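Fit chain P to the supplied structure of chain Z, relying on the hints for placement.
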Amino acid sequence: MSRRTKTWVEDKSRAKRIEYAERAPKPVRYTSEQARALERKLVASKPGKYDSAVADMDFINSQAFADKFKGKYENEQVEQAVVKACRQLVKNRNGTFFEEAYFIDAHTGRTVSYVKGKTKNGIEMSEELKRHLTNAREKSIIMIHNHPNSSPFSRADYLTSSNYNSCYEAIAIGHNGDVFSFRNTFGTRGDFLGYFEENGKRFPYYESIRDYRVSYSKHSSRGADDYEARDLAWKEVSKMRGFIYEKR
Amino acid sequence: MRKDNGVLFDDNETRDDLLIKDMTPEELDAEYERIFGRPENDN
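These protein sequence lines are chains Z and P, in that order.
Here the working numbering runs 145 ahead of the position in the first sequence, where the first position is 1.
Here the working numbering runs 3 ahead of the position in the second sequence, where the first position is 1.
Derived from the structure by calculation, the hints contain no laboratory data.
Keep in mind it's a predicted model, so treat the numbers as computed, not measured.
Any given hint might turn out to be false.
As the list claims (entries may be wrong) - No farther apart than 27 Å at their CA atoms in a straight line, the calculated lysine-lysine pairs in the DSS-like style are these: (1) P:K24 - Z:K384; (2) Z:K265 - Z:K191; (3) P:K24 - Z:K380; (4) Z:K380 - Z:K392.
Said to hold, decoys possible - Short derived list, chain Z residues pointing at chain P, Cβ under 8 Å: (5) E244; (6) H292; (7) S296; (8) V359; (9) S365; (10) S366; (11) E381.
Said to hold, decoys possible - To be clear about the criterion: a stretch of chain P counts as covered by chain Z if any three or more of its residues have a C-beta under 8 Å from a C-beta of chain Z, and this derived list gives those stretches: (12) 19-29; (13) 32-41.
A virtual CB, placed ideally from N, CA and C, is assigned to each residue, including glycine.
One chain only, chain P, in its complex shape:
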């Protein structure tokens, strides 16, 4: 198994690796807003 201590370049990640699947769209919106604020083009 490859080391995972952050000292390598590993570009094998896929869309599937990055998408958060354990949140509902509403929860994702709330989390996004908590971190980044309200998106500019949101009503």
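Next comes chain Z alone, as it looks inside the complex:
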């Protein structure tokens, strides 16, 4: 019986790898026009299709988009992780009304968690993730999620970010490339005023949410559209309540 040496085994496995590589389909190089056409086809076939959520991927993949995050974080590693996560979220949900979220460590840029939303324009977190956010160190997590309609923050976004002392920053990335950021929202909600029923939904009402609606209504009555009224209202509420709201 012949002895099978180590060399014999290695050669055999190398030959197998070469044989497999020769049989495997070769990667196709597309021109940018072909790639765009393919992406459009892919987007059109996604579940949750929503035409006005087709993303401006050219801008989102550009340096001008990455510059919106320049110098905003502890180190370059975190900055790059945030930009990468924003691009990935929009790419994944391009052309649909679904949202998803990345939770990133604000000191290392490591992904702590990733959640896919299963309902229209919303994301629910698991109990485990909520526990993690409750117990994590102060200002150690960056929460990022996409906004298919490219609107500024909702009340629920504010309530989520202000619920956790561990939240360093909450980011909403619009499919048009607009970036909205909340910082230092923990402890800024004001007094709890009770639950509020509207359009069949039950909503916790805090002083900050009341202020937001008052400001939103005031700006709307002066002719601001939904986007402008939300943006102006968050600017005013953040100034009043001492947190940071930024549109980049």
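Same frame as chain Z, now just chain P:
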């Protein structure tokens, strides 16, 4: 029904959800001024 304890991102709200409808324009102005002070471009 979805939970409403503030631990989710829910971006389904509409203009209709945010507008305060149970105040007259005068009451809204007074409430705004009480909270934020007089707007800069108001006379």
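In rising order, the numbers of the hints this structure does not comply with | none
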